[in-house]
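Combine the two chains into a complex, taking the hints into account.
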Amino acid sequence: MKKKVIVIGNGMVGYKFCEKLVAKAAEQFDITVFGEEPRPAYDRVHLSEYFEKQAEENLILAPQEWYEENGIELCTGELVTAISTRKKTISTHKGNQASYDYLVLATGSSPFVPPIPGVHKNGVFVYRTIEDLDAIIAYGEKMKKGGSFKASVLGGGLLGLEAAKALLDLDMEPSVIEFAPRLMPRQLDEAGAKMLQTTIEGLGIEVLTSKSTTDITGDGRIEEMHFADGESHSTSMLVISAGIRPRDELAREAKIEIGPRGGVQVNDKMQTSAPAVYAIGEVALYQEKIYGLVAPGYDMADICVAQLLQEDKAMEGEIDMSTKLKLIGVDVASFGDAMGELQESRAIVYEDKNKGLYKRINVSLDGQKLLGGILIGDAADYNMLLQMTQLEMPLPPHPEDLILGPRNGEGAAMGGVMDLPDQALICACESVTKGDLIEAIGEKGCETIKGLCKETKASTGCGGCKPMVNDLLRETLKSMGKSVKAHICEHFPYSRRELFDLISIKGIESYDQALDELGHGDGCEQCKPALASIFASLYNETAVKQETIQDTNDRFLANIQRNGTYSIVPRVPGGEITPEKLIAMGKVAQKYDLYTKITGGQRIDMFGAKLNDLPQIWEELIAAGFESGHAYGKALRTVKSCVGSTWCRFGMDESVSFAVELENRYKGIRAPHKLKGGVSGCIRECAEARCKDFGVIATEEGWNLYVCGNGGAKPKHALLLAENIDNATCIKYIDRFLMFYIKTAAPLTRTAAWLEQLEGGIDYLKQVVIQDSLGIAEELEEQMGALVNTYQCEWKQVVDNPELKQRFRHFINSEDSDDNLTFVPLRDQKMPKPW
Amino acid sequence: MEALLAQYTSVNLASVRYWYEVAPVHQFPKNGGVCVKYKGMQIAVFYFERKGQWYACQNLCPHKLEMVLSRGLLGDENGVPKVACALHKKTFSLETGENLNGDLPSIATYPVKVQDGKVYIGFKE
Ligand code: SRM
Ligand SMILES: Cc1cc2nc3c(=O)[nH]c(=O)nc-3n(C[C@H](O)[C@H](O)[C@H](O)COP(=O)(O)OP(=O)(O)OC[C@H]3O[C@@H](n4cnc5c(N)ncnc54)[C@H](O)[C@@H]3O)c2cc1C
Ligand code: SF4
Ligand code: FES
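In order, the protein sequence lines correspond to chains W and R. Basically my numbering = 1-based index in the first sequence + 35. Basically my numbering = 1-based index in the second sequence + 75.
Only chain R is shown next, with the shape it has when bound in the complex (with noise of 0.2 Å):
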C-alpha cells in the first residue's frame, strides 16, 4: 500500500529530465481525463479545453488507492483547477495536489507541455 503510493512524487518544470510523449492532442478528451501508462505507473492528464491549460497528476487517489481520478470530473474552486474523485468526490487541486475538501495526503502532480500538437509529461528519469 505504502509502496503504491511512493512510487509517485511530484515533479516541478525545473526537475523534469525527460518528457514523454503521450499522444496527439486531439486524441485527448476535451474538459475531461484520461490515463497514461509510463513506468509501471498511471498518470492522470487533464486537458482545460476552454483555456488551453493541461495538468497531470496521479492516477491513484489517496482516499481509497484505487486508480481511478482520470475518471473523475473536472472544473475549478474559486479560480484553482480541480478534479473530483469519481469514488467518492474528494476533489484535488491540479496545481499544488492539495486536498481541497478534507484532509487527505496531496496527490503528486507533473508538468505537462504540449508541442508540435503532441503532449508530453515531465518525468524526473
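Here chain W stands alone, though its shape is the one from the complex (with noise of 0.2 Å):
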C-alpha cells in the first residue's frame, strides 16, 4: 500500500522536497501538496526580476503539468487550516479533509509588520510575493502619474536594499531606512557598511541609518514618517523589509511544539513533537534558530526524504549563512565569521575609498585558517574564500594576497578551483560537490555547461557558483585530455577560428558545401549565423545570397521587435545629418505610422514595420539618399562623434569628420558581434570613445587610439593602442585590428571579452598591430582593404531585385500583413500591446 505524504506549503522548500521524493520513490507515496499562493510553486530568491519583466512564468520552478506527470496532486488556492495530529487528517477553508501518514509542514514565513500606528495605511507593502509587487508597481505607477516620486523601504538587510533597487529600477526614487547605525548590521562591519552606504547612495538611493519609526501618517495613505529623534520624512509609499516570521500558526494550533519566540521546533531528522509530521525550511526552528535563506531549507528538504525512506542521515550541526548580495552593480559579500566575532582573530583590511573597496578576511590567532569575511566592491573571489573557509584549507604565506592579489608577479595566491578537495561544495543552494562535478563530467560524459547543469542541478538555484562550475569544467575536461570544447555546436567539430580558416583554406562558397566537407547533419542556429559571419568577412557576400544562414535580423535585414514586425534604422555617420534628409525620414515614418525615437547611438530608430512593407520603405529612403544601418547585423554600428574642433571652443581636431570618415570605412563589415566606434575632439570624451570597440581621441600631437571597450551588460573601457598618430596611421592600425579580431574571435565575444582571452593582452596585441611580430599586418590591411572595396548596401540589393523583395511577404499564398498585430496609444505614438 502506499504511504500517503501530505505537504503543506508550495514553496521553494515544499516544491524541492516533491522534487527529491519522486526522483527518489514516487512509487511508493501518493503526494499531495496543498498551496495557499493561486499557482505552483516559484523562485522567490528572484523575485525582484519580476520587477524587470512581470512574467511569472519565468519564476515558477516547475509547471502545473510537472506535478501531474509525477502523480503529484497539487492543491493551488486551498489554505490548510487544521491538523489533527491524533486522527491523522489535515482539512483547508474549502472544507476538504485529507489523511496521512506523514504530514510536511513547508509553510514558510511572512514578513515581520513591525506595530507602528499608521501601519495599516494606504501605500505601506511587504515583500515577499508576487501579488506583493504586483500591488507594490500598480501603486508605484498611481503616484508617479501623481508626481509623487519618493518611496521607501523600512530595513537596510538584505532584502530592503534588494527592495529599494526594485523601487529605483520603477523609476521611484527610494530612501532606505535602518532601525541599526549602519546597514546590513547582521553581516557587515562599520567600515564596510560604510563603504556599501556611499555606493548605495552613488546609484541614488537614500540611506538613512538610526532612524525608529515611531508613527505613520497621511490622510487616509502614507504622507508621512516619524523617528524617534524627532525629524520626519515624507514618502507616497513604504515597503516594509524588517524581518520574518515563520508561518506557524497551524502548528501552534494543532499543540505541535513552538520555540519560545516563533518556529516548529525540529531536532536534526527534521521530526517535529507530533508523531510522523515534520517540519522544514523557513517555518523549522533548528538550533533554537530560523534559516532565511534557500540553501539550509534545501538541506532539510533531503534530510526530510530520508526519514520517510527510513534512510539514516541527519542535519549538519553547523548551517553556513555566508550570502552574497544579488544586486545589480553593488558586489557585497559576507561569508563564515564576517565581524570576527565567534572566536578571536585578526582581520586584515583592504579599503580605496576611491574605487569604493571594502575586504576584510578574518585570520585564526596561529595565522592557518580562515575565519571569515567581507567584501565591498568586488566579491569575484567569495566563492573561493568561503570554499577556504568552509574547508579549512591551509593559508598562503602571505594571507594579505588573498584580498591584495599577489603583487609581485607570482601566480594566483588563491589557486583555482582545481585546488579546491572533492568535498567542497560548489553550489550551496542544491548541494552539489566539486566531486559530484567532476565525477558528471568524467563518468557521464557531460561535456557541456549546460549538460553540466542539468545533470548536476549545480547553477540552478541562485547561480553564483556559474563561474566556479565553468572553470571546473574547462580545467577538468583538460586534465581529461579532451580541450574544452570550442566547437560551435554538435554540427561543426571545430572553433570559429579553425572554421575561418578551414572555410578560406579550402574555398568553401556556401553553407551546404560547409555541412557537406566539414560538418554533418542539418546544422543549426548556432552554426548557421556563425558561418553567415565567417563568408561574409572573407567574400564580402551580403545576408541576402544565403538568408536562410541568418539570424531572422539579417534574413530580413531589420530588428525584429517583440510582436514580431520590425525596426528600421538608416545609417547617419558621425550622427550628422542633414534637415533634408530628416525631413524624408519624418515623411517616411509618418506614411506608414512607425514609433520613432532617437537612439543611443545617435540615429534614428523607426519601429513597428510590417514586415511586408520593408522593402517599400527602403525604397522610398535609398531615394532620399539613405543607405543600410545595419543595426541588425553582427557589424558596424555607428562610429559616434562628438561635435569637435568645428564648433567647440575645446575641441583639437575635427571629430565628425573623422568619425564620418571611419563609420563609412567600415559599414556593412561582419565581425563575431557587433562593432562600435568613437571620436571625441579632446580629453573631455563626449562621444564616450573609450566606451567603444575602437575610439579616437584628439590630443595636441594628434589621435589617442584606443580598443576593445563596451558598454553593455560588462562595460569595459578601451584600452590605449598607440598614442599621438595621425589620421592615415590611426585607420592603419584599426584595419589591422579589426581584421585580426574578425580572424580570431569565437562567435559572439565582442572584443574586449576576446581581449580577455587573448594570451598576453593589450601587450601582445600591441605587437601583432604594431610592430608586426606575426608578419601579417599587410595581410591583414590587404583583406581589410579588399572588404571596404567591395561594400554595398543590401537594401539597395533588394530594392533593385524584384525577386528579392518577395521574400518579405508575411503570407507565401496572400498579401496581406499578419492579423495577429494590435498596437495600443502611447505619447501621441504607438507601441505594441503589452504581453
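No wet-lab data here; the hints were simulated from the structure. Be aware that one or more of the hints could be misleading.
In silico DMTMM-like pairs for lysine to aspartate or glutamate, Cα to Cα no more than 25 Å straight-line [to be verified]:
| no. | chain 1 | residue 1 | chain 2 | residue 2 |
| --- | --- | --- | --- | --- |
| 1 | W | 485 | R | 170 |
| 2 | W | 492 | W | 92 |
| 3 | W | 156 | W | 169 |
| 4 | R | 139 | W | 166 |
| 5 | W | 38 | W | 54 |
| 6 | W | 501 | R | 178 |
| 7 | W | 751 | W | 413 |
| 8 | R | 199 | W | 854 |
Printed below as a string of C-alpha cells:
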C-alpha cells in the first residue's frame, strides 16, 4: 500500500521536497500538496526580476503539468486551516479533509510588520509574493502619475536593499530607513557598511540610519513617517522589510511544539514533537534558529526525504549563513565569521575609498585558517574564499594576498577551483560538491555547461556558482586530455577560428558545402549565423545571398521587435544629418505609421514596420539618399562623434569629419559580434569613445587610439593602443586590429571579451598590430581593404530586385499583413500591446 | 489568448481529411520557412532541401504568442529536425512539436505532402 504524504505549503522548499521525493521513490507514495498561493511554487529568490519583466512563467519552478506527470496532486489556492495529529488528518478553508501517513510542514514565513501606528494605511506594502509586487508596481505607477516619486523601504538588510533597488528601477526615488546605525548590521562591520552606503547612495538611493519609526501619518494613505529623534520624512509609499516570522500558526493550534519566539521545533531529522509530522524550510526552528535562506531549506528537504525512506541521515550541526547580495551594480558578500565575533582572530583589512572597495578577512590567531570575511565593491573571490573557510584549507604564506592579489608577478594566491578538495561544496543551493561535478564530467560525459548543470542541478538555484562550475568544467576536460569544447555546436567539430581558416583554405563558398565537407546533420541556430559571418568576412557577401542561414534580423535586414514587426535604422554616419534628410525620414515614418525614437547611437530608429512593408519603405529611404544602418547585423553600428573643433571651443581636431570617415570605411563589415566606434575631439570625451570597440580621442599632437571597450552588460573601458598618431596611421592600426579580431574571435564575442581571452592581452595586441610580430600586418590590411572596396548596401540590392522583394511577404499565399498585430497608443505615438 | 492557441491542434497523417494546396515547390526558400494563411490560421512550412523533407507547424510561438516561428532558423538536434524561434530562440521538434530547450507547451504540427511539384498541408477540415 502506498503511504500518503501531505505537504502543506508549495513554496521553494516544499517544491524541493517533492522533487527529491519523486526522484527517489515516486512509486512508494501518494503525494498531495496544498499551497495557499494561486500558482505553483516559484523562485522567490529571484522575485525582484519580476520588476523587470512581469512574467511569472519565468519564475515558476515547475509547471502544473510536472506535478501531474509525477503523480502529485497539487491543490493551489487552498489554505490548510487545521491539523489533527491524533486522527492524522488536515482540513482546508474549502472544507476539504485529507488524511496522512506523513505530514510535512513547509509553510515558510511571512514578513514581520512592526506594530507602528499607521502601518495599515494605504501605500504600505510587504515584499514576499508576486501579489505583493503587483501591488507595489500598480501603486508606484499611480503615485508617479500624480507626480510623487518618493518611496521608502523600512529595513536596510539584504532584502531591504534589494527592494530599494527595485524601486529605483521603477523610476522612483527610494530611501532606505534602518533602525541600526548601519546597513546590513547582521552581515557587515562598520567600515564595510559605510563603504556600501556610499556606493548605494551613488546609485541614487538615500540612506537614513539610526531611525526608529514611531508613527506613520497621512490622509488615508501614507504621507509622512516620524522618527524617535523628532525628525520626519515624507514619502508616498513604504515597503516593509524588517525581518520574517515563521508561519507556525497551524502547528501552534495543533499543539505541536513551538519555540519561545516562534518556529516549529525540529530535531536534526526534521521531526517535530508530533509523530510523523516534519517541518522544513523557513518555518522550522532548528538549533534555536530560523534560516531565511534557501540552501539550508533544501538540505532540510533532503533530510526529510531520507526520513520517509528510512535512511539514516541528519542535518549538519553548523549551518552556513554566508551571503552574497545579488543587486546589479553592487558587489557585497559576507561569509563565515564575518565580523570576527565568534572566536578570536586577526583581521586584515584593505580599503580603497577611491574605488569603493572594502575587503576584510579574519584569520585565526595561529595564522593557519581563514575564519570569515567581508567583500564590498568586488566580490569576485567570494566563492573561493568561502570554500577556504568551510574546508579549513591552509592559507598562503601571506594571507593578505587573498584580498590584495599577488603583487610581485607571481601566480594567483588562491589557486583555482582545481586546488579545492573533492568535498568542496560548489553549489550551496543544490548541495553539489566538486566531486559530484567531476564525476558527472568524467563518468556521465557531461561536456557542456548546459549538460553539466542539467545533470547535477548545479547553478540552477541562485546561479552564483556558475563561474566556478565553468572553470571546473574547462579544467577537468583539459586534465582529461580533451580540449575544452570550443566547437561551435554539435554540427561542426571546430572552433570559429578553425572554421575561418578551413573555409578560407578550402575555398568553401556556401553553408551547404561547408556542412558536406566539414560538418554533418542539418545545422542549427548556432552554426548557421556563425558561418554566415565567416562568409561575409571572407567574401564580403551580404546577408541577401544565403538568406536562410542568417539570424532572423539579418534574413529580413531589420531588427525584429517583440511583436514580430521590425525596426528600421538608416545609417547616419557620425550622427551628422541634413535637415532635408530628417524631413525625408519623418515623411516615411508618418506614411507607414512608425514609432520614432532617437537611439543611444546618435541616429533614428523607426519601429513597428510590417514585414511586407519593408521593401517599399526602403525604396523611399534609398531614394532620399539613405543606406542600411546594419543595426540588425553583427556588423559596424555607429561611430559616435562629438562636435569637435569645428564648433567646440575645446576641440583639438575635427572629430565629426573623422567619425564620418571611419563609419563610411567600416560600414557593412560583418564581425563575430557588433562593432562600435567613437571619436572625441578632446579628453573631455563627449563621444564616449572609450566605451567602444575602437575609440579615438584627439590630443594636441594627434590621435590616441583605444581598443576593446564596450558598454552593455559588462562595461569595460577601452585600452590605449597607440598615442599621438595621425589619421592615416590610425586607420592603418584600426584596419589591422579589426581584421585580426574578425579572424580569430569566437562567435558572439565582443572585442573586450576577445582581448580577455587573448594570451598576453593588450601588450600582445600591440605587438601584432604595431610591431607586426606575426608578420601578418600587410595581409590584414589587404583583407580589410578588400572588404572596404566591395561594400554594397544590401537594402539597395533588395530594392533593385523584384525576386528578392518577394521574400518579405508575411504569407506565401497572400499579400496580407500579419493579422495578429495589435498596437496601443503611447504619448502621441504607438506601441505593441503589452505581453 | 487561450483562444488563439486553441485554434491549433496537431493533425496526423491518418486523420487528414483535406489537403490544402499552398504553392509550387520552387517558391519555397531552401532550408528555411514561410508562413501560410489558411482559414484564419497561420501555418509555418519548412523545407529541408538537403534531405527533401517538409514539415508544418503553427506559426504561433507558445512562448510569447507571436506569429514568428516561420521566420526562425532550421536545424536539427541529435537528428531531430527543429526550428528555433525568431524571438528568443526557443527550439521545437518539428516531428513532435515538443519544446526542446525548455518547458513550453508543444506546438501543433501538420502533415505536408508534395505532389506534381506542388506543396500541400493536411488538415482535418
Ligand atoms: C535602439 C537602441 C536603444 C535605443 O533606443 O537607443 C538599442 C536597441 C537594441 N540593442 Fe542596444 N541599442 C542601442 C544602443 C546601445 C548602446 C549605446 C551605444 O551604442 O552607444 C549600447 C551600449 C554600448 C555597447 O554596445 O557597448 C547597447 C548595448 C547593447 C547590448 C550589450 C552589448 C554588450 O556587449 O554587452 C545588446 C545585446 C547584444 O548585442 O548581445 C544590445 C542589443 C540591442 C537589441 C538589438 C536587442 C534585440 O536583439 O532586440 C535592441 C534592438 C532594437 C531595435 O530593434 O532597433 N544592445 N545598445 C540603440 C541603437 C543604437 C543604434 O543607433 O544602432
Ligand atoms: C525578495 C526575496 C529575496 C530573497 N533572496 C534570497 C537569496 O538571495 N538567497 C536565499 O538563500 N534566500 C533568499 N530569500 C529567502 C528565500 O526565498 C526563502 O528562504 C525560501 O523561499 C523559503 O522557502 P519556504 O518553502 O520555506 O517558504 P516559502 O517560499 O515562503 O513557501 C511557503 C509557502 O507556503 C504557503 N503556506 C503557508 N501557510 C500555508 C497553509 N496553511 N496552507 C497552504 N499553504 C500555506 C505560503 O503561501 C507559501 O507559498 C529571498 C526572499 C525574498 C522574499
Ligand atoms: S533596447 Fe537595449 S537596453 Fe533597452 S530593453 Fe532592448 S536590449 Fe535592453
Ligand atoms: S516568442 Fe518564441 S521564443 Fe519567445
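So, going through the hints one by one against the coordinates:
1. 485/W to 170/R: holds, 23 Å
2. 492/W to 92/W: holds, 20 Å
3. 156/W to 169/W: holds, 18 Å
4. 139/R to 166/W: Cα-Cα ~22 Å, so holds.
5. 38/W to 54/W: Distance ~17 Å between residue 38/W and residue 54/W Cα, so the pair holds.
6. 501/W to 178/R: holds, 22 Å
7. 751/W to 413/W: holds, 15 Å
8. 199/R to 854/W: holds, 23 Å
Checked against the numbered hints above, the structure violates none of them.
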